[in-house]
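As they're listed, the protein sequences go chains A and B.
Read in this note's numbering, the first sequence has 101 at position 101, and its numbers run on one by one without any break.
Read in this note's numbering, the second sequence has 122 at position 122, and its numbers run on one by one without any break.
Just so you know, these hints were derived from the structure itself, not from any lab.
Check before you lean on any hint, since a few could be wrong.
Sample of chain B residues at the chain A side, in silico, Cβ under 7 angstroms [said to hold, decoys possible]:
no.: 1; residue: ALA50
no.: 2; residue: GLY73
no.: 3; residue: HIS89
no.: 4; residue: TYR98
no.: 5; residue: VAL102
Straight-line alpha carbon distances no greater than 16 angstroms define the calculated EDC-like cross-link-like pairs of lysine to aspartate or glutamate that follow [claimed, not checked]:
no.: 6; chain 1: A; residue 1: LYS99; chain 2: B; residue 2: GLU15
no.: 7; chain 1: A; residue 1: LYS101; chain 2: B; residue 2: GLU15
no.: 8; chain 1: A; residue 1: LYS99; chain 2: B; residue 2: GLU14
no.: 9; chain 1: B; residue 1: LYS341; chain 2: B; residue 2: GLU220
no.: 10; chain 1: B; residue 1: LYS341; chain 2: B; residue 2: GLU259
no.: 11; chain 1: A; residue 1: LYS101; chain 2: B; residue 2: GLU14
no.: 12; chain 1: A; residue 1: LYS99; chain 2: B; residue 2: GLU53
no.: 13; chain 1: A; residue 1: LYS98; chain 2: B; residue 2: GLU14
no.: 14; chain 1: B; residue 1: LYS269; chain 2: B; residue 2: GLU353
no.: 15; chain 1: A; residue 1: LYS99; chain 2: A; residue 2: ASP160
no.: 16; chain 1: A; residue 1: LYS98; chain 2: B; residue 2: GLU53
By construction, the Cβ of each residue, glycine as well, lies at the ideal position given by its N, Cα and C atoms.
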Amino acid sequence: MIRKRRRPLTALEIVRYIVLIPILAFFLAPIVWLFVTPFSSRPSLSISLGKPTLSNFVRVFQNKIALLAFRNSLIIAVGTVVLVTVAALLAAYVLSRKKFKGRDILLYVLILFSSVVTGVAAMVPLFMMNLKLGLIDKHLGVILTMSGGLLPTSVFILKDFIDSISITYEEAALVDGSTPLQVMFRIFLPLSSRGVIVIAMLTFVNAWSNFLVPFILLRSTTLYPISIAIYTFFTEIGVPDIGMISAYSLMYTLPVIVVYLIIEKRFGFSFYGGLKA
Amino acid sequence: MAWIEFDHVTKRFEEVVAVNDVSFSVEKGEFFTLLGPSGCGKSTTLRLIAGLEIPTEGRVFIAGKDVTFIPPGQRNVAMVFQNYALYPHMTVYQNIAYPLTVRKVDRKEIDQRVKYVAENLQIHSLLQRYPMEISGGQQQRVALARAIIQTPNAFLLDEPLSNLDAKLRIEARSFLKHLHMELGTTVVYVTHDQAEAMALSSRIAVMDSGNIRQIGTPKEIYDSPADTFVAGFIGNPPMNLLEVEIIGYRVKLEDQLLEVPELVEKLLKPVDGKVTMGIRPEHVKIADRGELKGTVYVVEPLGAEIIITVKLGNQFLKVLTFEEMNISPGDVIGLNLNREKILLFDERGIRIEKRAE
Ligand SMILES: Nc1ncnc2c1ncn2[C@@H]1O[C@H](COP(=O)(O)OP(=O)(O)O)[C@@H](O)[C@H]1O
Ligand SMILES: [Mg+2]
Chain A
1 MIRKRRRPLT
11 ALEIVRYIVL
21 IPILAFFLAP
31 IVWLFVTPFS
41 SRPSLSISLG
51 KPTLSNFVRV
61 FQNKIALLAF
71 RNSLIIAVGT
81 VVLVTVAALL
91 AAYVLSRKKF
101 KGRDILLYVL
111 ILFSSVVTGV
121 AAMVPLFMMN
131 LKLGLIDKHL
141 GVILTMSGGL
151 LPTSVFILKD
161 FIDSISITYE
171 EAALVDGSTP
181 LQVMFRIFLP
191 LSSRGVIVIA
201 MLTFVNAWSN
211 FLVPFILLRS
221 TTLYPISIAI
231 YTFFTEIGVP
241 DIGMISAYSL
251 MYTLPVIVVY
261 LIIEKRFGFS
271 FYGGLKA
Chain B
1 MAWIEFDHVT
11 KRFEEVVAVN
21 DVSFSVEKGE
31 FFTLLGPSGC
41 GKSTTLRLIA
51 GLEIPTEGRV
61 FIAGKDVTFI
71 PPGQRNVAMV
81 FQNYALYPHM
91 TVYQNIAYPL
101 TVRKVDRKEI
111 DQRVKYVAEN
121 LQIHSLLQRY
131 PMEISGGQQQ
141 RVALARAIIQ
151 TPNAFLLDEP
161 LSNLDAKLRI
171 EARSFLKHLH
181 MELGTTVVYV
191 THDQAEAMAL
201 SSRIAVMDSG
211 NIRQIGTPKE
221 IYDSPADTFV
231 AGFIGNPPMN
241 LLEVEIIGYR
251 VKLEDQLLEV
261 PELVEKLLKP
271 VDGKVTMGIR
281 PEHVKIADRG
291 ELKGTVYVVE
301 PLGAEIIITV
311 KLGNQFLKVL
321 TFEEMNISPG
331 DVIGLNLNRE
341 KILLFDERGI
351 RIEKRAE
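Hey, can you work out the whole structure from these sequences and the hints?
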């Protein structure tokens, strides 16, 4: 019987590990901290568990702003998801199914704009626009502004997805006696559900974690989403309550992680930061 | 009025003219076939009947009604697509039931009719499966079932057999013909396969680049093709088309002369000079002392019949025979043409009419 002898590490490999391990630790540390500190009885900026406790979470649930922020984040994220998904689906459908003059140019402009609209550079004009429309300090303003930023990419991704669904199914359904609405709900939506779900989840993750747009457009603490509320915890009390912040951060991160896990599990593919608007 | 009628219909896609000023009518109960090479506008014509395309010019009538601008769902036609277009997210049962479901037919009646049709097409054991889980032949039957469950004005079939393998295709062909006889519903059928068209149709319209070249029964199209395109498209192997010269009562083929006084006399207009002579391979006989001499080029035995390609000067002539023959490439053989069956086509390729007997 031939046994593979464990080969001694070459010098190059040793060097490689020596370089890689600190880098790995550097990137893993914050994640470990995020999962350990909320349960720690003596939370600090270093990773130490001490005696496991849930008291940090209890304090979060006793904080009114923290709870309101959860509700606000949910309103903003769900509102953005509904708006972006519905609008992107309708737009992408037309862009995919109908040929018209200037379609390709329009698509090109879409990509171009996707990186401009919610970019930092556009913040002043966006603020002015919301001011003129009376949308400052309203969730609607945040939802509309974020939707504007997320729509172009969503339309583009969905259009590509719809291109891959043969139009024959819709045609067959039409000849079979369906009304256009029946074609939409019985044929097209079930067939495009994967694409729609991906767009909805991407939008959710983006809207949930966006800091800049609500920070600029909202004034009242009672309207703040979590991304901003967390930030206020640093200054409000004078001394940052690290236990509470870490517990809150974990609660804030979990929906995003769950969404990614669902996508990963249901669709078996991962996507990259490049998709982020 | 005819059951389905095209009145000078033209369909343009930007600069492509897919259907060019086409007129035809289909009688009720007919099996009408649109036959032609790929890209000639057959599918577009069928889609114009279904309402999936709207004509650029002209009118479409179904069952005495002008349906030119009526949406597909209200034309009451059933279509089978080339790739069957079975809804992938529905079971076979739901697929077959779909046309009734969207028309809000009573659930119990749907159930009865689905079971009846499925039984008829022998797919009743597949009802709970998804389209992805059944074979190509079964998918084709499901697509047919989805059409049959309706009581449409017409069945529109776009190359429904082309995705089946050769053996299954012949079987499905007989099955389709039987089905048509049983149901008696009007069929408009699209194919590029001339054998399919011949086997199935009551009438055939031969199309070429957006135009209809000829409409007729399979026999008319086979025996008296309107032009060289139709002659060269129908038959397997198709008609031999040879460049010849008419000199008085004789035909000059390469450097051989053939006396054809009966043929020349019967022509409706006097012909002189260069024409195309058409003769079907089965109307050429190999004979020791034939009128024409040629060199055997290829011999293709097909079991029952043999196709022999003969070289005459610079042109080739195919002979179809059912007799066993001891011939090999390079042999010089004699050929006799059946005079009755010789057709002549003018310089534009149009058949020169002969006087009736
Ligand atoms: N939607 C369309 N847009 C542009 N051109 C088309 C479209 N549909 C068909 N054509 C063109 O029209 C011609 C006829 O097509 P089609 O009817 O599909 O031919 P067939 O079914 O005989 O193969 C082809 O040249 C094809 O490229
Ligand atoms: Mg076609």
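In rising order, the numbers of the hints this structure does not comply with: none
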